[in-house]
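Student: Sequence:
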Amino acid sequence: MRRLVLVRHAQVRLEPDLPPRLWELTAEGQAAAEGLARLAVFAGIKAVVTSPEPKARATAEPIAAAAGVELRVEPDLREAERGAAPIDDRAAFVARVDAWLGGSAVSGWEERDVASARIVGCVSRLLGESSGDLVLVSHGIVLGLYLAWLRGHERVDLDEWEAIPLPAIAVVDPVAHRILEPWRET
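Just remember that my numbering sits 6 ahead of the position in the sequence shown, which is counted from 1.
Straight line, CA to CA, 16 Å or less: simulated EDC-like cross-link-like pairs of lysine to aspartate or glutamate:
{"#": "1", "residue 1": "52", "residue 2": "135"}
{"#": "2", "residue 1": "52", "residue 2": "139"}
{"#": "3", "residue 1": "52", "residue 2": "76"}
Derived CB-CB ranges, DEER-like:
{"#": "4", "residue 1": "76", "residue 2": "158", "range": "32 to 40 Å"}
{"#": "5", "residue 1": "74", "residue 2": "22", "range": "33 to 41 Å"}
{"#": "6", "residue 1": "22", "residue 2": "127", "range": "26 to 34 Å"}
{"#": "7", "residue 1": "75", "residue 2": "33", "range": "19 to 27 Å"}
{"#": "8", "residue 1": "190", "residue 2": "138", "range": "21 to 29 Å"}
{"#": "9", "residue 1": "98", "residue 2": "74", "range": "43 to 51 Å"}
{"#": "10", "residue 1": "157", "residue 2": "137", "range": "21 to 29 Å"}
What the hints contain is simulated information worked out from the structure, not anything from laboratory work.
Ideal Cβ placement from N, Cα and C applies to all residues, glycine included.
Modelling step: build the complete structure from the supplied sequences, incorporating the hints.
Tutor: Written out as C-alpha coordinates, the structure reads:
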(Lines of atoms letter the chains of each structure in order from A; the text may use other names.)
(Lines give C-alpha, C1' and ligand atoms only; values in the text may rest on other atoms or scores of the structure.)
Protein backbone atom coordinates (compact mmCIF):
# COMPACT_ATOMS: atom_id res chain seq x y z
CA MET A 7 0.00 0.00 0.00
CA ARG A 8 1.29 3.42 -0.94
CA ARG A 9 1.71 5.90 1.92
CA LEU A 10 1.64 9.66 2.09
CA VAL A 11 3.55 10.86 5.17
CA LEU A 12 2.64 14.39 6.22
CA VAL A 13 5.11 16.25 8.43
CA ARG A 14 4.46 19.48 10.27
CA HIS A 15 7.68 21.45 10.72
CA ALA A 16 9.58 21.56 14.01
CA GLN A 17 9.57 24.36 16.63
CA VAL A 18 10.15 27.86 15.28
CA ARG A 19 11.69 31.02 16.65
CA LEU A 20 8.89 33.60 16.65
CA GLU A 21 10.26 36.84 15.26
CA PRO A 22 7.67 39.63 15.46
CA ASP A 23 9.64 41.84 13.04
CA LEU A 24 9.50 39.20 10.29
CA PRO A 25 6.57 37.72 8.41
CA PRO A 26 5.89 34.12 9.54
CA ARG A 27 6.99 32.77 6.14
CA LEU A 28 10.58 33.79 7.03
CA TRP A 29 10.76 32.25 10.49
CA GLU A 30 13.43 29.64 11.17
CA LEU A 31 13.75 26.71 13.54
CA THR A 32 15.00 27.11 17.09
CA ALA A 33 18.04 25.03 18.13
CA GLU A 34 15.58 22.65 19.81
CA GLY A 35 13.55 22.51 16.60
CA GLN A 36 16.64 21.69 14.53
CA ALA A 37 17.56 18.87 16.93
CA ALA A 38 13.99 17.53 16.71
CA ALA A 39 14.16 17.63 12.90
CA GLU A 40 17.38 15.63 12.94
CA GLY A 41 15.83 13.08 15.30
CA LEU A 42 12.74 12.87 13.12
CA ALA A 43 14.82 11.62 10.19
CA ARG A 44 15.69 8.44 12.09
CA LEU A 45 12.07 7.29 12.52
CA ALA A 46 10.98 4.01 10.95
CA VAL A 47 8.02 5.70 9.24
CA PHE A 48 10.47 7.11 6.68
CA ALA A 49 11.91 3.72 5.66
CA GLY A 50 11.51 3.15 1.94
CA ILE A 51 10.33 6.62 1.01
CA LYS A 52 10.83 7.59 -2.62
CA ALA A 53 10.52 11.36 -2.44
CA VAL A 54 10.56 14.24 0.04
CA VAL A 55 8.87 17.49 -0.98
CA THR A 56 8.85 20.60 1.19
CA SER A 57 7.37 24.03 1.48
CA PRO A 58 9.87 26.74 0.53
CA GLU A 59 9.59 28.33 3.99
CA PRO A 60 12.85 28.06 6.00
CA LYS A 61 11.21 26.24 8.94
CA ALA A 62 9.82 23.52 6.67
CA ARG A 63 13.00 23.17 4.61
CA ALA A 64 15.12 22.81 7.75
CA THR A 65 12.75 20.07 8.95
CA ALA A 66 12.78 18.29 5.58
CA GLU A 67 16.52 18.37 4.87
CA PRO A 68 17.52 15.71 7.44
CA ILE A 69 14.68 13.42 6.29
CA ALA A 70 15.76 13.62 2.64
CA ALA A 71 19.44 13.18 3.56
CA ALA A 72 18.73 10.09 5.70
CA ALA A 73 16.59 8.59 2.93
CA GLY A 74 19.19 9.36 0.26
CA VAL A 75 16.72 11.26 -1.92
CA GLU A 76 16.88 14.74 -3.38
CA LEU A 77 14.78 17.32 -1.57
CA ARG A 78 12.23 18.98 -3.83
CA VAL A 79 10.79 22.41 -3.00
CA GLU A 80 7.14 23.03 -3.88
CA PRO A 81 5.77 26.57 -3.48
CA ASP A 82 2.17 25.35 -3.13
CA LEU A 83 3.06 23.57 0.15
CA ARG A 84 3.56 26.98 1.81
CA GLU A 85 1.48 27.95 4.81
CA ALA A 86 -1.69 29.97 4.40
CA GLU A 87 -0.52 33.53 3.84
CA ARG A 88 -0.94 35.54 7.02
CA GLY A 89 1.00 38.67 6.19
CA ALA A 90 2.80 40.23 9.12
CA ALA A 91 -0.07 39.90 11.58
CA PRO A 92 1.18 40.40 15.15
CA ILE A 93 1.52 37.27 17.27
CA ASP A 94 2.42 38.92 20.57
CA ASP A 95 -1.17 38.52 21.83
CA ARG A 96 -1.75 34.75 21.68
CA ALA A 97 -5.48 34.97 22.45
CA ALA A 98 -6.04 37.49 19.64
CA PHE A 99 -3.99 35.37 17.22
CA VAL A 100 -5.93 32.20 18.10
CA ALA A 101 -9.21 34.09 17.65
CA ARG A 102 -8.07 35.15 14.16
CA VAL A 103 -7.12 31.56 13.31
CA ASP A 104 -10.49 30.28 14.55
CA ALA A 105 -12.40 32.87 12.51
CA TRP A 106 -10.31 32.04 9.45
CA LEU A 107 -10.78 28.28 9.87
CA GLY A 108 -14.51 28.95 9.98
CA GLY A 109 -14.35 30.68 6.61
CA SER A 110 -14.41 34.30 7.75
CA ALA A 111 -12.19 36.78 5.97
CA VAL A 112 -9.26 37.93 8.10
CA SER A 113 -7.48 41.08 6.94
CA GLY A 114 -4.15 40.28 5.29
CA TRP A 115 -4.78 36.54 5.21
CA GLU A 116 -5.21 34.33 2.17
CA GLU A 117 -8.83 33.15 1.87
CA ARG A 118 -9.41 29.77 3.53
CA ASP A 119 -11.05 28.23 0.47
CA VAL A 120 -8.18 29.40 -1.73
CA ALA A 121 -5.60 27.86 0.63
CA SER A 122 -7.64 24.65 0.82
CA ALA A 123 -7.93 24.33 -2.97
CA ARG A 124 -4.20 25.05 -3.28
CA ILE A 125 -3.08 22.35 -0.84
CA VAL A 126 -5.54 19.71 -2.07
CA GLY A 127 -4.57 20.37 -5.69
CA CYS A 128 -0.88 20.37 -4.83
CA VAL A 129 -1.01 17.06 -2.97
CA SER A 130 -3.00 15.46 -5.79
CA ARG A 131 -0.51 16.71 -8.38
CA LEU A 132 2.51 15.55 -6.37
CA LEU A 133 0.99 12.10 -5.90
CA GLY A 134 0.41 11.90 -9.65
CA GLU A 135 4.00 12.91 -10.42
CA SER A 136 5.58 10.22 -8.25
CA SER A 137 5.25 6.59 -7.35
CA GLY A 138 5.91 4.95 -4.03
CA ASP A 139 5.80 6.48 -0.59
CA LEU A 140 5.89 10.28 -0.51
CA VAL A 141 6.78 12.65 2.33
CA LEU A 142 5.39 16.19 2.36
CA VAL A 143 6.78 18.70 4.86
CA SER A 144 4.55 21.70 5.39
CA HIS A 145 2.55 23.64 7.98
CA GLY A 146 -0.23 23.05 10.49
CA ILE A 147 -2.96 25.14 8.92
CA VAL A 148 -2.68 23.89 5.34
CA LEU A 149 -2.02 20.29 6.33
CA GLY A 150 -5.04 20.53 8.64
CA LEU A 151 -7.09 21.75 5.66
CA TYR A 152 -5.91 18.75 3.62
CA LEU A 153 -6.87 16.27 6.35
CA ALA A 154 -10.24 17.99 6.78
CA TRP A 155 -10.82 17.57 3.04
CA LEU A 156 -9.96 13.86 3.32
CA ARG A 157 -12.59 13.47 6.03
CA GLY A 158 -15.16 15.44 4.02
CA HIS A 159 -15.16 18.35 6.47
CA GLU A 160 -15.23 21.96 5.37
CA ARG A 161 -13.30 23.35 8.30
CA VAL A 162 -10.52 22.42 10.68
CA ASP A 163 -11.56 22.41 14.32
CA LEU A 164 -9.54 24.93 16.33
CA ASP A 165 -8.81 22.38 19.08
CA GLU A 166 -7.49 19.96 16.46
CA TRP A 167 -5.21 22.62 14.96
CA GLU A 168 -3.88 23.64 18.39
CA ALA A 169 -3.19 20.00 19.28
CA ILE A 170 -0.84 19.34 16.33
CA PRO A 171 2.65 19.03 17.87
CA LEU A 172 5.84 20.59 16.51
CA PRO A 173 7.07 18.49 14.74
CA ALA A 174 4.31 16.01 13.99
CA ILE A 175 3.61 13.17 11.57
CA ALA A 176 0.38 11.87 10.09
CA VAL A 177 0.13 8.97 7.62
CA VAL A 178 -2.46 8.79 4.86
CA ASP A 179 -3.52 6.13 2.37
CA PRO A 180 -3.67 8.38 -0.69
CA VAL A 181 -5.53 5.82 -2.81
CA ALA A 182 -8.36 5.17 -0.34
CA HIS A 183 -8.28 8.81 0.86
CA ARG A 184 -8.17 7.84 4.51
CA ILE A 185 -6.04 8.72 7.48
CA LEU A 186 -4.04 5.71 8.68
CA GLU A 187 -2.29 7.45 11.58
CA PRO A 188 -3.52 10.79 12.95
CA TRP A 189 -1.10 13.49 14.04
CA ARG A 190 1.42 12.23 16.55
CA GLU A 191 4.37 13.75 18.29
CA THR A 192 7.71 12.40 17.18
